[in-house]
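Put together the whole structure using the sequences plus the hints.
In order, the protein sequences belong to chains X and P.
Using this note's numbering, you'd call the opening residue of the first sequence number 1 and step up by one each time.
Using this note's numbering, you'd call the opening residue of the second sequence number 1 and step up by one each time.
The reader is advised that the hints may include incorrect statements.
[Unchecked claim] Listed next, the in silico DSS-like pairs over lysine-lysine satisfying Cα-Cα at most 25 angstroms (straight line):
#1 X:Lys173 to X:Lys302
#2 X:Lys300 to X:Lys173
#3 P:Lys55 to X:Lys96
#4 X:Lys12 to P:Lys38
#5 X:Lys180 to X:Lys304
#6 X:Lys107 to P:Lys34
#7 P:Lys38 to X:Lys7
#8 P:Lys37 to X:Lys7
#9 P:Lys38 to X:Lys96
#10 X:Lys92 to P:Lys29
#11 X:Lys305 to X:Lys175
#12 P:Lys38 to X:Lys107
#13 P:Lys34 to P:Lys49
#14 P:Lys29 to X:Lys107
#15 X:Lys92 to P:Lys55
[What the hints assert, rightly or not] Over 10 angstroms on every C-beta distance to chain P, these chain X residues come out as not near it, computed from the model:
#16 Gln60
#17 Ile136
#18 Gly199
#19 Ser222
#20 Ser227
[Said to hold, decoys possible] Rough simulated footprint, nothing fancy, chain X against chain P, three-plus residues with beta-carbon under 8 angstroms:
#21 5-12
#22 18-25
#23 29-36
#24 39-49
Everything labelled a hint here was simulated from the structure, so no lab data went into it.
C-beta atoms are modelled at their ideal positions from N, C-alpha and C, and glycine is treated no differently.
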Amino acid sequence: MRSLNKKSTRFKVIDGLLIAMMILPMLAAICLKVVCTPASDGIEISGALIYWEFDGMPLQPLIISESQVNSWAVIITVFGLCLYLTHGLTEKAETKRQLAAEWIVEKVEGLVGANMEGERDIFGGYAPFICAIMGISGFSSLACLVGLFSPTGDVNVTAGWAILVFIIITYYKLKGGLGKYLIGFTKPVPLFTPMNIIGEFATPVSMAFRHYGNVLSGAVISVLIGSALRGLSAKILGGLPGVLGEFPLFQIGIPAVFSIYFDVFSGLMQAFIFAMLTMLNIAGAVPWEDWDARRAKKEKRKQKKAAKLAA
Amino acid sequence: MQSLSVISVNVWQIIISLCNLLILTFIVKKFLFKRIKKVFQQRRDAIDKDYSDAKEAREQAEEARMNYEAALAGAQQAGEQIISDASRSAERRSNEIILQARERADQICRQAETEARLEKKKAEAEIRREITDVSAELTGKLLEREINADDHRNLIDSFLQDIGSDT
Chain X
1 MRSLNKKSTR FKVIDGLLIA MMILPMLAAI CLKVVCTPAS DGIEISGALI YWEFDGMPLQ
61 PLIISESQVN SWAVIITVFG LCLYLTHGLT EKAETKRQLA AEWIVEKVEG LVGANMEGER
121 DIFGGYAPFI CAIMGISGFS SLACLVGLFS PTGDVNVTAG WAILVFIIIT YYKLKGGLGK
181 YLIGFTKPVP LFTPMNIIGE FATPVSMAFR HYGNVLSGAV ISVLIGSALR GLSAKILGGL
241 PGVLGEFPLF QIGIPAVFSI YFDVFSGLMQ AFIFAMLTML NIAGAVPWED WDARRAKKEK
301 RKQKKAAKLA A
Chain P
1 MQSLSVISVN VWQIIISLCN LLILTFIVKK FLFKRIKKVF QQRRDAIDKD YSDAKEAREQ
61 AEEARMNYEA ALAGAQQAGE QIISDASRSA ERRSNEIILQ ARERADQICR QAETEARLEK
121 KKAEAEIRRE ITDVSAELTG KLLEREINAD DHRNLIDSFL QDIGSDT
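Right under this line is the structure:
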């Protein structure tokens, strides 16, 4: 492409900086992990490393662990990616990255349009939110490919997202009025009330645990396969003398095959599922009839007030 | 450094993760969606502008065509007008010419008549004089004698006067 050759040095320098912005946070997170990881021989299945703990907070100590740091690294990476993709936008879309950015925007908007828009279009503004969920979830799950702990493998992280979704869902359910919302729990019969309440909270809990469980189980299986393969190599090559006896033959390549499913596929799948569930739950939460009735009532009251004022 | 256990719920971590998602939403909205949407809008505006330009051009062409046709029709009418005017003026002129010619012919006729009358009168006078002379001579010869010429003339004149009045 000729337009690429024509780009100024300044443009290229900014491009380089943006690429660095994408890569450096990940490298920093890896370095931090390498520095802080305690030496251990055995197989260890544990949660995130605690980098920093602050006891002065109410309720619980504030813990900055690997998942938080990696989340921030992912955010900066996605930020850099956004800037990189939208760097040098033109009306005619001359660069591949612009086409990619447009593709992302169009696809996410299409997905949101297909899943959230019923008879009325009030969810158009949710496209960036859905895109952010997919981005942070996907990139977090893929972080394990560079040796980092996946933030999505920490239940606190996915719980935070699920709670945000739950807040949005409840916000839309309350559009029909608080009374209607509370009465809704006693349907179809008052006996069902406890179950309805549990069902209400089951949505965020199931979303959080589904995502977290899938990613963590992938990580656990990876660790197990790795250690099993190490044991297998030790068994078979153990008879050989010296360094050869400790050579981890089966650990070369084989874990990568499993990683494709457990880390890449499962992680991206969960990101997609989380986004889909978010969209469907939010779109399904709106009580249209009650909302309309409430709006009509409000309008009537306003008119009455106006009439009183006029009289 | 110690690790968290596999399941450990910490309120602050949940809040941090919630805020992270909100921040990323803001970033994606501001730095990806808004920018791309702006480009889409620009593109749409450009297309709209092209369309409106094309429409305008077509309208202009249509207007020009209408003007041209009107001008053509006007020119045709003007041509007809000119032709009819010209033929009318030519007719008028020919009538005038004919009239003038007729007048002139009449004039010429009249003139000729007058001239002829004058000639006639002149000729009559001449003839009268000659007859007088001739008759005087004849009479002189016949009578072989000299008569008083003046008397003679008077006599003949009165005679001729009688003849002339008869005629």
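Tested hints:
The straight-line distance between the Cα atoms of lysine 173 of chain X and lysine 302 of chain X is roughly 23 angstroms, inside the 25 angstroms bound, and the hint therefore holds. Restraint check for lysine 300 of chain X and lysine 173 of chain X: the C-alpha separation of about 22 angstroms stays at or below 25 angstroms, so the hint holds. For a cut-off of 25 angstroms, the pair hint linking lysine 55 of chain P to lysine 96 of chain X is broken: about 33 angstroms separates their Cα positions. Among the hinted pairs, lysine 12 of chain X with lysine 38 of chain P is consistent with the structure: their alpha-carbon atoms are about 23 angstroms apart, no more than 25 angstroms.
A hinted pair counts as satisfied when its Cα atoms are at most 25 angstroms apart, and lysine 180 of chain X with lysine 304 of chain X qualifies at roughly 24 angstroms. The straight-line distance between the Cα atoms of lysine 107 of chain X and lysine 34 of chain P is roughly 15 angstroms, inside the 25 angstroms bound, and the hint therefore holds. Distance hint between lysine 38 of chain P and lysine 7 of chain X is fulfilled; the C-alpha atoms sit about 22 angstroms from each other, no more than 25 angstroms. Our distance criterion of 25 angstroms between C-alpha atoms is met by lysine 37 of chain P and lysine 7 of chain X, whose separation comes to about 24 angstroms.
Taken as a hint, the lysine 38 of chain P and lysine 96 of chain X pair is honoured in the structure, with Cα atoms around 18 angstroms apart against an allowance of 25 angstroms. Between the alpha carbons of lysine 92 of chain X and lysine 29 of chain P the distance comes to roughly 22 angstroms, so the proposed pair stays at or under 25 angstroms and holds. For the hint linking lysine 305 of chain X to lysine 175 of chain X, the alpha-carbon distance of about 22 angstroms falls within 25 angstroms, and the restraint holds. Distance restraint check for lysine 38 of chain P and lysine 107 of chain X: the Cα-Cα separation of roughly 17 angstroms lies within the 25 angstroms cut-off, and the hinted pair is therefore satisfied.
Of the pairs offered as hints, the one joining lysine 34 of chain P and lysine 49 of chain P holds, with about 22 angstroms between alpha carbons and a cut-off of 25 angstroms not exceeded. Distance restraint check for lysine 29 of chain P and lysine 107 of chain X: the Cα-Cα separation of roughly 15 angstroms lies within the 25 angstroms cut-off, and the hinted pair is therefore satisfied. Proximity of lysine 92 of chain X to lysine 55 of chain P is assessed by CA-CA distance (about 23 angstroms); at most 25 angstroms being required, the pair is judged to hold. A beta-carbon of chain P is positioned within 10 angstroms of the beta-carbon of glutamine 60 of chain X; the least distance is around 5 angstroms.
Residue placement check: isoleucine 136 of chain X does not keep its beta carbon more than 10 angstroms from all beta carbons of chain P (closest about 5 angstroms). For glycine 199 of chain X, the requirement that its beta carbon stay farther than 10 angstroms from each beta carbon of chain P is met, with the minimum near 21 angstroms. At roughly 14 angstroms from the closest C-beta of chain P, the C-beta of serine 222 of chain X stays outside 10 angstroms, upholding its exclusion from the interface. Non-interface status of serine 227 of chain X relative to chain P is upheld: no Cβ of that chain comes within 10 angstroms, the nearest being about 16 angstroms off.
Coverage of the region 5-12 of chain P by chain X holds. Counting CB-CB distances below 8 angstroms, 8 residues qualify, and the rule asks for three or more. A count of 8 residues in the region 18-25 of chain P with a Cβ less than 8 angstroms from any Cβ of chain X is obtained; the coverage claim is therefore met, three being the minimum. Counting residues of the region 29-36 of chain P whose C-beta sits closer than 8 angstroms to any C-beta of chain X gives 6, which meets the bar of three, so the coverage hint holds. For the region 39-49 of chain P, the assignment as covered by chain X holds, since 5 residues bring a beta-carbon within under 8 angstroms of that chain's beta-carbons and 3 suffice.
Of the numbered hints stated above, those contradicted by the structure are hints 3, 16, 17, listed in ascending order.
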